[in-house]
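Peer 1: In order, the protein sequences belong to chains A and B. When we follow my numbering, the leftmost residue of the first sequence carries the number 1, and every step to the right adds one. When we follow my numbering, the leftmost residue of the second sequence carries the number 1, and every step to the right adds one.
Bear in mind the hints are in silico, worked out from the structure with no lab data behind them. Check the hints yourself; a few may be wrong.
[Stated by the list, open to error] Below, a list of computed lysine to aspartate or glutamate pairs in the EDC-like style, where the Cα atoms sit at most 20 angstroms apart:
1) A:Lys-46 to A:Glu-104
2) B:Lys-128 to A:Glu-430
3) B:Lys-128 to A:Asp-209
4) B:Lys-68 to A:Glu-272
5) B:Lys-128 to A:Asp-83
6) B:Lys-45 to A:Glu-443
7) B:Lys-45 to A:Glu-442
8) B:Lys-68 to A:Glu-430
9) B:Lys-68 to A:Glu-425
[Said to hold, decoys possible] Quick list of simulated restraints, FRET-style, between CB atoms:
10) B:Ser-260 to A:Asn-397: 25 to 31 angstroms
11) B:Phe-232 to A:Lys-93: 18 to 24 angstroms
12) A:Asp-365 to B:Ser-118: 33 to 39 angstroms
13) A:Glu-104 to B:Tyr-161: 42 to 48 angstroms
14) B:Ala-23 to A:Glu-300: 33 to 39 angstroms
15) A:Asn-319 to B:Leu-117: 34 to 40 angstroms
16) A:Arg-172 to B:Ser-139: 24 to 30 angstroms
17) A:Thr-184 to B:Ser-139: 35 to 41 angstroms
[Unchecked claim] Partner residues are not named here, just some residues of chain B that face chain A (Cβ under 10 angstroms, in silico):
18) Ala-51
19) Phe-54
20) Gly-145
21) Asn-148
22) Pro-150
23) Trp-152
24) Gly-240
25) Leu-257
26) Phe-259
27) Tyr-262
28) Asn-263
Predicted, not measured: the structure shown is a model, and the values here were computed from it. Beta carbons are placed, not taken as given, at the ideal position from N, Cα and C, and that holds for glycine.
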Amino acid sequence: MRFKKAITFSVVLFILSLLLVACGGDDGDNGDTDSATSDTGSGNVKTVKFMHLWPEGSSAKHHQVVNEIIEEFEAENEDIKIDLEVLSNEQYKDKITVLSTSNELPDVGFTWAAGYMEPFVNGNKFAPLDDVVESDLADDFVAGTLEAFSVDDVTYGLPLELNISYIFYNKRIFEENGVEVPETLDELIEVAEVLNENGVTPIALGNRDAWTGSMWYMYLADRIAGDEDVLTKAIDREISFEHPALIQAGEELQRLVDAGAFVQGFNGLADEEAKSMFTSEQAAMYLIATWDLPNYTTNEDIPQEFRDAVDYFPFPTVNGSGDMTSYVGGPGVGLFVAENSDVKEEAKKFASFFVQQWGVKAVEDVGVIPATKVDPESLDLPQMYTDVLNDLNDATNITLYVDVQTSPSTAQVHLDMIQSLFGGEITPEEFAETHENTLASEE
Amino acid sequence: MGLNCMNKVMSNKWIITLYILPALLLITILIVIPLILSGYFGLMKWDGIGAMEFIGLDNYIVALQDSKFWQSALHSFLLAIFSALSLIGYLAVALILASKLKGTNFLRKIYLIPMLLSSVAIAQLWIKVYNPSNGMLNSILRMIGFENPPAWLADPNIVLYAIFIPIIWQYAGFYILIYYAALKNIPESLIEAARIDGATPLQIALKIKVPLIMNVFKVTIVLSIVGSLKYFDLIYVMTGGGPNGASEVMASYMYKLAFSSYNFGYGSAIGFLLLIITLIVTVIIRKLTATDEEIQY
Chain A
1 MRFKKAITFS
11 VVLFILSLLL
21 VACGGDDGDN
31 GDTDSATSDT
41 GSGNVKTVKF
51 MHLWPEGSSA
61 KHHQVVNEII
71 EEFEAENEDI
81 KIDLEVLSNE
91 QYKDKITVLS
101 TSNELPDVGF
111 TWAAGYMEPF
121 VNGNKFAPLD
131 DVVESDLADD
141 FVAGTLEAFS
151 VDDVTYGLPL
161 ELNISYIFYN
171 KRIFEENGVE
181 VPETLDELIE
191 VAEVLNENGV
201 TPIALGNRDA
211 WTGSMWYMYL
221 ADRIAGDEDV
231 LTKAIDREIS
241 FEHPALIQAG
251 EELQRLVDAG
261 AFVQGFNGLA
271 DEEAKSMFTS
281 EQAAMYLIAT
291 WDLPNYTTNE
301 DIPQEFRDAV
311 DYFPFPTVNG
321 SGDMTSYVGG
331 PGVGLFVAEN
341 SDVKEEAKKF
351 ASFFVQQWGV
361 KAVEDVGVIP
371 ATKVDPESLD
381 LPQMYTDVLN
391 DLNDATNITL
401 YVDVQTSPST
411 AQVHLDMIQS
421 LFGGEITPEE
431 FAETHENTLA
441 SEE
Chain B
1 MGLNCMNKVM
11 SNKWIITLYI
21 LPALLLITIL
31 IVIPLILSGY
41 FGLMKWDGIG
51 AMEFIGLDNY
61 IVALQDSKFW
71 QSALHSFLLA
81 IFSALSLIGY
91 LAVALILASK
101 LKGTNFLRKI
111 YLIPMLLSSV
121 AIAQLWIKVY
131 NPSNGMLNSI
141 LRMIGFENPP
151 AWLADPNIVL
161 YAIFIPIIWQ
171 YAGFYILIYY
181 AALKNIPESL
191 IEAARIDGAT
201 PLQIALKIKV
211 PLIMNVFKVT
221 IVLSIVGSLK
231 YFDLIYVMTG
241 GGPNGASEVM
251 ASYMYKLAFS
261 SYNFGYGSAI
271 GFLLLIITLI
281 VTVIIRKLTA
291 TDEEIQY
């Protein structure tokens with residue numbers, strides 16, 4: 001009797017395990033058949049697959065504007081249908097990698113600039129978009145943004161966002177401690193010293209994420225070198241990374257650290273933790289890019305009292321050297337069109353339409369600064385946005401983040417070295433030498 | 001009747017195969033094949049996106065000369081040693097809990113709490129505890145007179161040990177539970193006999209209870225050391241291996257290479273080396289702790 005039961009039980013188990021396995025296999029194939037049918041479409045209607053990374057939950061406004069743009073596009077082009085897939089940031093990155101390995105990229109999707117997209121371009125996954133730029137979008141983009149999405153002077157991505165970084169500061173804390181907005185590095189150090197004496201943390205910095213500290217280093221290098229964009233040149237191998245300006249930037253940075261300008265234990269803090277120190281008025285200053293603007297203007301989750309107290313100033317000169325209209329920043333995400341897409345023309349048409357519409361809606365409806373030119377006078381915006389847009393129009397140079405400019409593996413070395421430089425575990429000379437060796441070994 | 005039937009089932013080779021097959025299939029598909037694949041990817045120069053290029057054993061040779069890999073391996077071994085040593089502490093706690101003192105029931109539940117929390121929750125909790133300016137630990141230290149308490153997760157000399165503490169805390173419940181169950185299995189008559197012979201509680205614990213659960217203890221040594229060598233979660237969430245590799249362990253280094261540096265080939269090679277190292281260590285520990293016969297009283 002029991003014997004029989006055991007047999008039935010094990011057979012059921014066995015079948016269940018087969019089912020499990022079969023299901024697993026099936027899942028993988030699903031995407032394949034999906035895209036095959038969508039490519040052919042029904043009748044004359046063509047389907048363009050589009051993937052983006054702004055889910056309704058975490059980026060409600062982005063999500064809504066994307067849907068509006070899609071609706072308008074479909075209304076204008078009745079023979080094209082957009083097939084949408086939305087994932088959150090990290091999941092999106094993972095999925096894009098997997099899809100590209102199996103040649104199943106969506107027809108239109110999001111990518112990041114420079115170093116990130118290089119493997120995709122080298123693997124012939126992205127279509128060149130020079131024709132789209134020339135016919136529809138010539139002169140639309142802010143200088144420097146399109147270049148970040150180009151490899152060997154061919155454009156592979158249409159930038160959607162543009163961010164530059166500022167030092168945001170708390171006016172109330174500045175007033176209470178009787179300090180003025182610094183215009184030189186020495187003045188910044190003096191401000192930090194006064195604040196420290198009064199028991200206020202001068203600068204919030206979450207350097208566990210290291211790209212935050214990297215922005216400080218980049219600004220110092222930019223100011224010290226003046227007109228010459230030494231960082232970009234060193235990364236492009238036109239000059240050595242052991243350039244005096246790049247070493248001096250390290251020295252000035254360690255001078256800031258030694259003066260106690262940054263919050264204690266910054267190397268162990270995440271950027272989010274530093275941000276919350278600044279927004280809860282525990283620190284007076286915070287260097288971040290303009291993607292944070294909503295937090296200082298329109299975001300209702302942040303106390304009004306704090307938002308009223310925040311202003312920004314451009315990174316100070318290093319004692320007279322450097323141009324305050326030169327910024328560290330760069331485009332965020334951009335659109336790519338898949339090289340092996342069956343509906344490439346339609347996909348390009350959609351990408352171009354999307355970029356133009358996004359440029360119109362991004363600032364006002366989402367609070368994002370687009371990579372396309374915007375006339376601040378024509379829009380009803382918080383003052384801080386108008387100021388930033390005006391700054392952008394007057395910008396003389398935008399240096400793209402080092403960890404975006406370089407290949408992913410060099411970026412990792414850079415970020416590790418930044419932590420050590422801030423921590424005082426290496427000298428500025430060693431910092432420059434390691435970068436030089438890493439960059440040289442990649443040539 | 002039942003036992004008889006069991007023997008009959010077990011003597012049929014087909015039935016045995018049938019029983020084992022589902023688990024075997026799952027393990028093959030989900031574990032064995034990926035293992036072989038990762039060893040194979042380790043032979044490739046591959047960024048995870050473009051084409052693979054066969055480069056033979058280059059990745060493995062580079063790994064063996066990679067100071068960062070050895071640094072992370074050292075950290076993993078340090079963690080293994082700490083975890084193994086902390087087993088003694090767990091055992092001591094279990095001995096107390098298993099004795100019939102008042103309140104042990106309540107304490108036992110407290111020790112189990114970290115086991116019920118997910119790793120990420122524990123990491124977030126300890127990030128807050130260690131926060132250099134607002135954290136609980138430094139607030140207490142300042143209150144009792146330390147002027148400049150260290151920034152626990154930022155100081156490269158301290159960070160590794162600072163993370164060991166929550167890891168040891170995290171696994172306390174698990175090992176204490178195992179020891180507790182084993183101790184409860186010791187027949188009461190043995191302990192009573194010893195007591196009548198005049199043994200002190202300490203003697204009973206060290207000379208009767210501990211030797212009787214030695215086999216369980218050996219298993220936990222293997223578990224804790226192997227678990228430490230491949231440890232990943234808290235370190236990834238709390239520091240990401242930083243600052244500059246000061247808290248990097250083998251698994252987090254592997255992850256960083258594959259998913260941040262887009263160096264899947266090299267990352268796979270590191271993963272495969274991690275497997276080999278863990279295997280060798282397991283064999284060595286089994287050899288060292290092997291005994292010919294079980295202790296019986």
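Peer 1: All hints are to be evaluated individually against the structure, with a verdict given for each.
Peer 2: These are the hints, each one checked on the structure:
{"no.": "1", "hint": "A:Lys-46 to A:Glu-104", "in the structure": "holds (17 angstroms)"}
{"no.": "2", "hint": "B:Lys-128 to A:Glu-430", "in the structure": "violated (33 angstroms)"}
{"no.": "3", "hint": "B:Lys-128 to A:Asp-209", "in the structure": "holds (17 angstroms)"}
{"no.": "4", "hint": "B:Lys-68 to A:Glu-272", "in the structure": "violated (28 angstroms)"}
{"no.": "5", "hint": "B:Lys-128 to A:Asp-83", "in the structure": "violated (43 angstroms)"}
{"no.": "6", "hint": "B:Lys-45 to A:Glu-443", "in the structure": "holds (16 angstroms)"}
{"no.": "7", "hint": "B:Lys-45 to A:Glu-442", "in the structure": "holds (14 angstroms)"}
{"no.": "8", "hint": "B:Lys-68 to A:Glu-430", "in the structure": "holds (17 angstroms)"}
{"no.": "9", "hint": "B:Lys-68 to A:Glu-425", "in the structure": "holds (16 angstroms)"}
{"no.": "10", "hint": "B:Ser-260 to A:Asn-397: 25 to 31 angstroms", "in the structure": "holds (28 angstroms)"}
{"no.": "11", "hint": "B:Phe-232 to A:Lys-93: 18 to 24 angstroms", "in the structure": "holds (19 angstroms)"}
{"no.": "12", "hint": "A:Asp-365 to B:Ser-118: 33 to 39 angstroms", "in the structure": "holds (37 angstroms)"}
{"no.": "13", "hint": "A:Glu-104 to B:Tyr-161: 42 to 48 angstroms", "in the structure": "holds (46 angstroms)"}
{"no.": "14", "hint": "B:Ala-23 to A:Glu-300: 33 to 39 angstroms", "in the structure": "violated (54 angstroms)"}
{"no.": "15", "hint": "A:Asn-319 to B:Leu-117: 34 to 40 angstroms", "in the structure": "violated (51 angstroms)"}
{"no.": "16", "hint": "A:Arg-172 to B:Ser-139: 24 to 30 angstroms", "in the structure": "holds (25 angstroms)"}
{"no.": "17", "hint": "A:Thr-184 to B:Ser-139: 35 to 41 angstroms", "in the structure": "holds (36 angstroms)"}
{"no.": "18", "hint": "Ala-51", "in the structure": "holds (7 angstroms)"}
{"no.": "19", "hint": "Phe-54", "in the structure": "violated (17 angstroms)"}
{"no.": "20", "hint": "Gly-145", "in the structure": "violated (18 angstroms)"}
{"no.": "21", "hint": "Asn-148", "in the structure": "holds (9 angstroms)"}
{"no.": "22", "hint": "Pro-150", "in the structure": "holds (8 angstroms)"}
{"no.": "23", "hint": "Trp-152", "in the structure": "holds (7 angstroms)"}
{"no.": "24", "hint": "Gly-240", "in the structure": "holds (6 angstroms)"}
{"no.": "25", "hint": "Leu-257", "in the structure": "holds (8 angstroms)"}
{"no.": "26", "hint": "Phe-259", "in the structure": "holds (8 angstroms)"}
{"no.": "27", "hint": "Tyr-262", "in the structure": "holds (4 angstroms)"}
{"no.": "28", "hint": "Asn-263", "in the structure": "holds (6 angstroms)"}
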